[in-house]
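Chemist: Using the sequences provided together with the hints, build the complete structure.
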Amino acid sequence: MNTIDLNLNPELATKVLAGFIRKELGRADFSKAVLGLSGGIDSALSCFLAAEALGPENVLAVRMPYKSSSQGSLDHAQLVIEQLGVQSLTVEITEMVEPLFEKMPDMDNMRKGNVMARQRMIILYDQSEAFNGLVVGTGNKTEILLGYSTLYGDAACAINPIGDLYKTQVRQLSHALGVPDEIVNKAPSADLWAGQTDEDELGYTYEEADNLLYLIVDQRYTPQECVEAGFGEDFVQGVVRRMMRNHFKRVMPPIAKVSNRTIGYDFLYPRDWGT
Amino acid sequence: MKKLTLALAQIETKLGVLEANLEKHLDYINQARDKNANLIVFPELSLTGYLLQDMVPSVVTRPTQDDPHFKQLLEASEDIDIVVGFVNEDDRHRFFNSAAYLSKGKVLHVHNKVYLPTYGLFDEGRFFAWGDQIRAFDTPHGRIGLLVCEDFWHASPPYLLWLDGAELLLFISVSPGRGLNSHEELESARWVEHITQAYASLYTSFVANCNRVGYEDGFNFWGGATIHDPNGELLAQGPYHEEALTITELDLNQLHRTRARLPLLRDERTGLVTREMNRILAERGRAF
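Going down the list, the sequences are from chains A and B. Residue 328 in this note's numbering sits at position 131 of the first sequence, and the numbers go up by one each step. Residue 933 in this note's numbering sits at position 123 of the second sequence, and the numbers go up by one each step.
Because the hints were derived from the structure by calculation, they are not lab data. What you are looking at is a predicted structure, and each value in this text was computed from that prediction instead of being measured. Be aware that a few hints might be false.
[Claimed, not checked] Straight-line Cα separation of at most 25 angstroms, SDA-like style, residue types lysine to any residue; simulated pairs:
hint: 1; chain 1: A; residue 1: Lys-446; chain 2: A; residue 2: Leu-399
hint: 2; chain 1: A; residue 1: Lys-212; chain 2: B; residue 2: Arg-1076
hint: 3; chain 1: A; residue 1: Lys-220; chain 2: B; residue 2: Ser-998
hint: 4; chain 1: B; residue 1: Lys-824; chain 2: A; residue 2: Leu-399
Modeler: Structure, rendered in structure tokens:
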């Protein structure tokens, strides 16, 4: 069995990822970035990388609390803003989403969470125009593979510097870059209600998920080989099902082909076309 | 002492914008000439950028005096030899991922990439035609072999060039960076460095690799141009992930000394290779 080693070299990772932000924004004629800062580790890391790439004055970090968001989240986001000296803005979303919640009294927490994520996307894309910066994504490889995000909500962005880093790698790089310990060490949470954590909802820890995903995705193990490597069969099947069921979030919507040349199938250009 | 001052230009390119890329080439050519370089090498698809997809037919340049882009490069080659990467189109309108060697206003050689990676993150076979020749060629600086990226991942093209008399193997590439782990360099960089060094040692030749830098969509290209001598020693290396012009003076007499110590080329049993190759083809031909 391959040794599972998700350690990465922080200097090299920072060089590649900050370079990616700087160059890809530059190709689109932008030099500024906008991102939502939740107080969690993923957006903190994206913010650190964007500040490194563009200079803190060219980064706008937006805090977008809902009334039930914890004060801790807001405080942790503020720590990042103050430590980096990035520009910041706080836009409370409560008064924007409440009218919809009131119209839909049977709305459950999942629906409410999606509405909040999409409301935050609306604010970020509006600030993108106002600040003349592109929205930098904050989704990591683990959550993208598990589909643990809201389509057109927190998953929406112009570029994503951390989408090929597993959660445990996000933690390692964040620690190396000086993201405050209280952010690195706290339990990851969507912060929709008090005490909610990702790992409770998923039913396994990120470390467990990362090790398994690394074998499946990076090392091309079959599910059966993962079981033979020591992972529980139910766990393996559950993760594989989750990856497949949520694949739609990772691709563009299919277009029904009727013409001789169709976007996505035989009209193929890179994003960086002509730049 | 016979010398060659070699300049490896690990540049960024604009994707599909020939004019901007040509301008950068001319700028680097001037820099190299001012530093008395005899030969400047640019990376794979240096005139066009790499991730071309459906842009391929619209970024064609032809390695002739009539072509407005090559005309300028050929003029520049009066003072310094130039290797450039470009999209070539033949009379049958097949498009190739190609490299040209220019010297004193003439095109001495064009190599059409023979091995087009079409797997994993690569999709070249979809957009390009496969080249079908591997030939060494004579230049004012000795006999040279020119290969493009995946060509040198197969052991046979450098082997053929060695038998064909090449003393300097010029590799040009656009290697997407990948395999970020706890090492100080990317896995893709280490893989390429291992094989280029091995070719220098096995073929007792100078081996230069010019790999580009920059980003295209989510791909990063790591640069790190290298030149190894016929003993397999690293003579110089460009930085990772940054544009640079790496200039090295090669003492070509090292070929004489290394090959006197280690006569691998003298002893290579090409007749035996051919016989066994024919047997393998006869017995297992369908596999190839």
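Chemist: Next step is simple, just say for each hint if it's right about the structure.
Modeler: Right, here's what the structure says about each hint:
With a C-alpha separation of about 17 angstroms, the suggested pairing of Lys-446(A) with Leu-399(A) holds against the 25 angstroms cut-off. For the hint pairing Lys-212(A) with Arg-1076(B), the CA-to-CA distance comes to about 46 angstroms; that exceeds 25 angstroms, so the pair is violated. At most 25 angstroms may separate the alpha-carbon atoms for a hinted pair to count; Lys-220(A) and Ser-998(B) meet this at roughly 21 angstroms. For the hint pairing Lys-824(B) with Leu-399(A), the CA-to-CA distance comes to about 43 angstroms; that exceeds 25 angstroms, so the pair is violated.
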